[in-house]
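Student: Each chain, written out:
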Amino acid sequence: DAGITQSPRYKITETGRQVTLMCHQTWSHSYMFWYRQDLGHGLRLIYYSAAADITDKGEVPDGYVVSRSKTENFPLTLESATRSQTSVYFCASSELDTIYFGEGSWLTVV
Amino acid sequence: AQSVTQLGSHVSVSEGALVLLRCNYSSSVPPYLFWYVQYPNQGLQLLLKYTSAATLVKGINGFEAEFKKSETSFHLTKPSAHMSDAAEYFCAVSDLVGAQKLVFGQGTRLTINP
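So the sequence lines, in the order shown, correspond to chains H and C. Using the working numbering, you'd call the opening residue of the first sequence number 10 and step up by one each time. Using the working numbering, you'd call the opening residue of the second sequence number 3 and step up by one each time.
None of these hints come from the bench; they were simulated from the model. Be aware that one or more of the hints could be misleading.
With a cut-off of at most 20 Å between alpha-carbon atoms, the simulated SDA-like pairs for lysine to any residue come out as follows [to be verified]:
hint : chain 1 : residue 1 : chain 2 : residue 2
1    : C       : K103      : H       : T22
2    : C       : K70       : C       : G45
3    : H       : K79       : H       : S16
4    : C       : K103      : H       : E81
5    : C       : K103      : H       : H33
6    : C       : K51       : C       : S29
7    : H       : K66       : C       : L22
8    : C       : K51       : H       : T107
9    : C       : K103      : H       : P70
10   : C       : K103      : H       : L54
11   : C       : K51       : C       : L22
12   : H       : K20       : H       : W115
13   : C       : K60       : C       : V21
Over 10 Å on every C-beta distance to chain C, these chain H residues come out as not near it, computed from the model [stated by the list, open to error]:
hint : residue
14   : R26
15   : G51
16   : T91
Positions of the beta carbon are idealized from the N, C-alpha and C atoms, including for glycine.
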């Protein structure tokens with residue numbers, strides 16, 4: 010039972026580069042989410058998806074792009090990475106009233 | 003808009019002592035409330051959740067929380083702290099069944115002193 014897997018787990022990239030964080034879930038949950046975690050801010054919602062081909066903005070969507078062509082995958086792309094996007098990114102999925110989180114992707118933009 | 007305030011970014015208790023982590027929420031509709039725990043370099047694990055059933059909710063690892071509507075609080079407690087409880091704890095609120103767009107508090111780091 011793999012659950013939610015994120016890749017890469019750790020990434021260092023340069024300012025201006027495009028970066029894609031992958032998220033895969035094995036449960037076929039309808040909803041999927043991307044959060045970022047920063048010290049002093051807890052977790053903040055970037056984007057979420059209610060089903061394949063249905064996505065919507067969260068609290069902090071600027072600078073990010075998502076897609077969901079298949080139910081099980083929900084990639085997050087930073088089109089032109091900035092230092093302010095250095096963070097820990099968590100993918101999550103939910104069914105009924107419980108959200109399950111992946112292990113996180115640590116991204117450093119230099 | 004919903005919001006969550008966790009009182010105290012750091013809490014330190016002795017092993018065997020009572021753990022009390024405070025959470026107050028703001029919501030214009032009946033909330034769903036959650037506590038998550040995060041161990042170093044790991045994802046978030048659900049401790050317990052309140053979804054309008056019993057106001058006293060029991061979770062994993064001996065934790066429990068009580069929903070108090072009059073105080074808009076959902077404090078997390080554990081009668082006797084264990085060294086393994088050292089972690090970051092997050093309170094979260096949601097008002098939408100299904101979409102579950104959680105709004106998180108800033109987190110409380112719990113330290114256990116031997």
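Student: Indicate, hint by hint, whether the structure satisfies it.
Tutor: Comparing the hints with the structure gives:
Our distance criterion of 20 Å between C-alpha atoms is broken by K103 of chain C and T22 of chain H, whose separation comes to about 29 Å. Proposed proximity of K70 of chain C and G45 of chain C is contradicted: the alpha carbons are some 28 Å apart, above 20 Å. For the hint linking K79 of chain H to S16 of chain H, the alpha-carbon distance of about 17 Å falls within 20 Å, and the restraint holds. At most 20 Å may separate the alpha-carbon atoms for a hinted pair to count; K103 of chain C and E81 of chain H meet this at roughly 19 Å.
The suggested pairing of K103 of chain C with H33 of chain H holds, with an alpha-carbon distance near 19 Å, which does not exceed 20 Å. Proximity of K51 of chain C to S29 of chain C is assessed by CA-CA distance (about 16 Å); at most 20 Å being required, the pair is judged to hold. For the hint linking K66 of chain H to L22 of chain C, the alpha-carbon distance of about 34 Å lies beyond 20 Å, and the restraint is violated. Between K51 of chain C and T107 of chain H the alpha-carbon distance is near 8 Å, which keeps this suggested pair within the 20 Å criterion.
Restraint check: the Cα-Cα separation between K103 of chain C and P70 of chain H comes to about 14 Å, which is no more than 20 Å; the hinted pair holds. Proximity of K103 of chain C to L54 of chain H is assessed by CA-CA distance (about 8 Å); at most 20 Å being required, the pair is judged to hold. Between K51 of chain C and L22 of chain C, the direct Cα distance comes to roughly 16 Å. Compliance with the 20 Å bound is thereby established for this hinted pair. For the hint linking K20 of chain H to W115 of chain H, the alpha-carbon distance of about 6 Å falls within 20 Å, and the restraint holds.
Our distance criterion of 20 Å between C-alpha atoms is met by K60 of chain C and V21 of chain C, whose separation comes to about 14 Å. Its beta-carbon lying about 24 Å from the closest one in chain C, R26 of chain H satisfies the requirement of being farther than 10 Å from that chain. A beta-carbon of chain C comes within 10 Å of the beta-carbon of G51 of chain H; the shortest separation is about 4 Å. No beta-carbon of chain C is positioned within 10 Å of the beta-carbon of T91 of chain H; the least distance is around 23 Å.
The structure shown violates the earlier hints numbered 1, 2, 7 and 15.
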